[in-house]
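There are 2 protein chains.
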Amino acid sequence: MFAQTSIVGVVGSDMPAGHINGLRSKGIDVTGIVTVQGGKTFHYDSSFDYDLSNRTTNKTELGVVAGFDPVIPKEYAKSDYVYLANNDPKQNIKILKFFEKPNLVVCDTIEFWINGSRDDVVKMIRLADGVVINDNEARLLCKEANLAKCAKKIMSWGSKFAIIKKGEDGAILFTNDSQVFPASAYFLDEIVDPTGAGDSFAGGFLGHLARRQRSDFLTMKEAVIYGNVMGSFAVEDFGVKRLLSITKDHVEDRYRKYCNLVQF
Amino acid sequence: MFAQTSIVGVVGSDMPAGHINGLRSKGIDVTGIVTVQGGKTFHYDSSFDYDLSNRTTNKTELGVVAGFDPVIPKEYAKSDYVYLANNDPKQNIKILKFFEKPNLVVCDTIEFWINGSRDDVVKMIRLADGVVINDNEARLLCKEANLAKCAKKIMSWGSKFAIIKKGEDGAILFTNDSQVFPASAYFLDEIVDPTGAGDSFAGGFLGHLARRQRSDFLTMKEAVIYGNVMGSFAVEDFGVKRLLSITKDHVEDRYRKYCNLVQF
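Chains as they are written, first to last, in my numbering: chain A, 1 to 264; chain F, 1 to 264.
Isolated chain A, as found in the complex:
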């Protein structure tokens, strides 16, 4: 939607081909997806509170992620903007070394890695320029209830900014020069499934910075709104279904609607 995008990952042979073809149909370079024959794709099971604000992890089955030794296709190495999704932080650190000189590296993490590999999570954050993370996971990682203090702690580890995602309550951007930008979520009457909203947020955020080729505070604020916009599409259906059905015009249209919505 914003810039040429390539993906790195590992799946089992149980992954339906349609899923990968869907990404390819949107112009995403999928040569970095490794398929392990006979292996099982990562599987995650969670429940949401009745108001969709709290997520409980029921099951995390790593499958082929467990033994993955990541390599990236050569043609990825010159990428400028790198997003390390909520995967094994050790693998993320390894992946990062393949990139020659990225402009901006942003990472996310989840409860599973915070509980099992906290030191590696902190190490990954040291190597990143920015972090996007859920409110409750920030609290768990930082052992601190106050989100401003969580962000400060994350930035004390070396990241230049931290974005704390609050689900349907929006997100707050904090920078290491003490700037703050709280943004409401795009308002939706109905939410189908919040799963994937955070990754879509990160995609919109990095996508906007990548197409502008800059990451000053104003551009980052716009990028947070594009993040909200992409997250709002993601939750309108299961999986990437809604994201596969939209065009750039839908994105820009919703960005304008967002501006009208919050204007006063």
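Be aware that one or more of the hints could be misleading.
Claimed, not checked - Simulated crosslink set (PhoX-like; lysine-lysine; CA at most 20 Å straight-line):
| # | chain 1 | residue 1 | chain 2 | residue 2 |
| --- | --- | --- | --- | --- |
| 1 | A | Lys153 | A | Lys123 |
| 2 | F | Lys59 | F | Lys74 |
| 3 | F | Lys257 | A | Lys221 |
| 4 | A | Lys257 | F | Lys221 |
| 5 | A | Lys74 | A | Lys59 |
| 6 | F | Lys123 | F | Lys97 |
Everything labelled a hint here was simulated from the structure, so no lab data went into it.
Knowing the structure of chain A, use the given hints to seat chain F on it.
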């Protein structure tokens, strides 16, 4: 802070005189506060989750509120803007009858009355122009998790707008002509006590409408921001301590800061 303000209420003789003098010192007409000799002031005890987002009521002791038969001073009767705080809805309905022809009536309610007097709460909402209510109390009242649907249900009972307050996540204004305005809270590094934030929000909201003498959508949106601003002062200390220490300049200054904070 915004307009000539008068208060109606009942307290016991245990109420420290300093509390009422504090209000008087800010120019508030307190002749509507009735003191019941030998009675005990309403007492409320609650706990907050570690992140201050969920409140649990431990104890609600009505004291002199229980037998209160409200009368308002004659000079109050011509008031234009009436806020029915989260008191007994039956008493609120009775109080409302004393006002001759108010421009705008807004009410709030809490768990205690929703659980014990739901029919009266709905009756009160029918008589009001607008409702301001906490997210979880809206869900309890409407038996519905989705906040947009809660607001629709509240408006189906006759109120023209509903504002759902989300604590440190801000507030959403819904109107019966399908307009929506989500607003982030003013961002604070530190919160001392969230108790009273909702009433302060309502005060700022109604105060701004009262001084503008209008309640079109744009003015209501500004009023929501003034509500956020007043709520943000309230939580910076216990009780009304912080509110008694600020001036109109502090309010306007924080309104401007809010505008800068959310601008992109």
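Verification of the supplied hints:
| no. | hint | result |
| --- | --- | --- |
| 1 | A/Lys153 <-> A/Lys123 | 13 Å, holds |
| 2 | F/Lys59 <-> F/Lys74 | 34 Å, violated |
| 3 | F/Lys257 <-> A/Lys221 | 16 Å, holds |
| 4 | A/Lys257 <-> F/Lys221 | 16 Å, holds |
| 5 | A/Lys74 <-> A/Lys59 | 35 Å, violated |
| 6 | F/Lys123 <-> F/Lys97 | 13 Å, holds |
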